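**Q** Dock the two chains into a complex; use the hints.
Top to bottom, those sequences are chains U and E.
Sequential numbering from 1 applies to the first sequence in this note's numbering.
Sequential numbering from 1 applies to the second sequence in this note's numbering.
Please keep in mind that the hints were generated in silico from the structure rather than gathered at the bench.
Computed from a predicted model, the values in this text were never measured in an experiment.
Among the clues, some could well be false.
[Stated by the list, open to error] Simulated pairs of lysine-lysine, DSSO-like, Cα-Cα distance not exceeding 27 Å:
hint, chain 1, residue 1, chain 2, residue 2
1, E, K44, E, K27
2, E, K62, E, K51
3, U, K68, U, K37
4, U, K71, E, K44
5, U, K54, U, K71
6, U, K71, U, K37
7, E, K62, U, K5
8, U, K54, U, K5
9, E, K44, E, K62
10, U, K37, E, K27
11, E, K71, U, K37
12, U, K54, U, K37
13, E, K44, U, K68
14, U, K5, E, K44
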Amino acid sequence: DQQVKQNSPSLSVQEGRISILNCDYTNSMFDYFLWYKKYPAEGPTFLISISSIKDKNEDGRFTVFLNKSAKHLSLHIVPSQPGDSAVYFCAASGKKETSGSRLTFGEGTQLTVNP
Amino acid sequence: NAGVMQNPRHLVRRRGQEARLRCSPMKGHSHVYWYRQLPEEGLKFMVYLQKENIIDESGMPKERFSAEFPKEGPSILRIQQVVRGDSAAYFCASSPLYYASGPNTGELFFGEGSRLTVL
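Next comes chain E alone, as it looks inside the complex (with noise of 0.2 Å):
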């Protein structure tokens, strides 16, 4: 499977522990996004990472939340003392690394995501 593979697909957490959610971009993609789908709104960006760099985290609460996408493996969004109103699902998206010639569609390439349910 050449997509976008995220795991845990489904994550049972109680409030105050810890979540680690992770995704594998697409071959031959360098760049990682994450966003949150609260129940019954859209997706909500939360960070924009290449590899060993944070390169926008506007859309990150600024406790608990973090990310990495380090040299080798996988982007890990990391959730800390998770609370009732971190239950959502958490996408995660790649694209290539567009420079100079070629269009920009602009598209990114999607896994299945990550439901996190916390008790």
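Just chain U, same shape as in the assembly (with noise of 0.2 Å):
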């Protein structure tokens, strides 16, 4: 039961161009969406949420959209670095006292911004 899926495997832009990676979720009950971002051989690396009450949030070159209706959320990154060249992972969590911070995570999708 996937409760969390990135449907593209993978994302090729240019540098300079908007990347978008999208993530689809099943469970209304949801609470908090996340992204993470994976280098090789490192662990994952946290890089922007959103709260379910919210559709939008934004720090620096990355921005989060929160469609609620459709159970999609999406991240842009403008403009895309070839330093932005990684997997990033969409996660989500449930309400804290029932779940704690458990997340539950896509399978992920590889960006390569290219130079």
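**A** What follows is the structure, given as structure tokens:
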């Protein structure tokens, strides 16, 4: 039962252009959504998050959009830089009282930004 | 280094041996989570622990796998009688205890992982 899905295993964009990574979820009880970035042989690092009561959160070059009715979120990176090349994981968490900070992850999308 | 510390970073075992992976959470964090990443897959939740307590082990295989987080010392993920299918990267993450006020961003802080190879 894959509750968080990233349907694109890979994405390639040119430096300076926008990268859009997509994520769909099925569980309407999810309370928070997060994006993590992972380089090879390293652990995931937190990038940006959004509460289920919001529809947009922005942090520098990174913006996350949440469409609750469609159960869809996306991460926009603009402008994209070669250093952004990594695997990006979408993740979701439930209410802290019941699941702590347990996260459910998508399968990841490999982003390659070409110079 | 105040981050989540995992060791060993790499571990090679033969089928039937035992593997022990250790995780020290960030200072001040009282919750530990173990995740497994099989090749070409995402991170799968295994177990969530507080000190001396297993809170949620719904992602743990029923046999051969166990986890603990003692009052003193690191959290340990133990795999008995390893098989080739156990070869994976095992990530530990930690979080502080959130109560009442303050937002729960759901953020977990991950270690660099322990890569288990079973020959």
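**Q** Decide, hint by hint, whether the structure agrees.
**A** Going down the list of hints, with the structure as the test:
1. K44/E / K27/E: holds, 25 Å
2. K62/E / K51/E: holds, 22 Å
3. K68/U / K37/U: holds, 23 Å
4. K71/U / K44/E: Answer holds: K71/U to K44/E is near 21 Å, not above 27 Å.
5. K54/U / K71/U: Distance ~13 Å between K54/U and K71/U Cα, so the pair holds.
6. K71/U / K37/U: holds, 21 Å
7. K62/E / K5/U: At roughly 25 Å apart (the allowed maximum being 27 Å), K5/U and K62/E satisfy the hint.
8. K54/U / K5/U: Measuring from Cα to Cα gives roughly 20 Å; hence the hint holds.
9. K44/E / K62/E: Holds, because 15 Å separates the two Cα atoms, which is no more than 27 Å.
10. K37/U / K27/E: With a Cα-Cα distance of about 23 Å, the restraint between K37/U and K27/E holds, given a limit of 27 Å.
11. K71/E / K37/U: Judged against 27 Å, a Cα distance of about 32 Å means the pair is violated.
12. K54/U / K37/U: holds, 22 Å
13. K44/E / K68/U: It holds: about 24 Å lies between the C-alpha atoms, which stays within 27 Å.
14. K5/U / K44/E: holds, 13 Å
Against the hints set out earlier in the document, a violation occurs for number 11 only.
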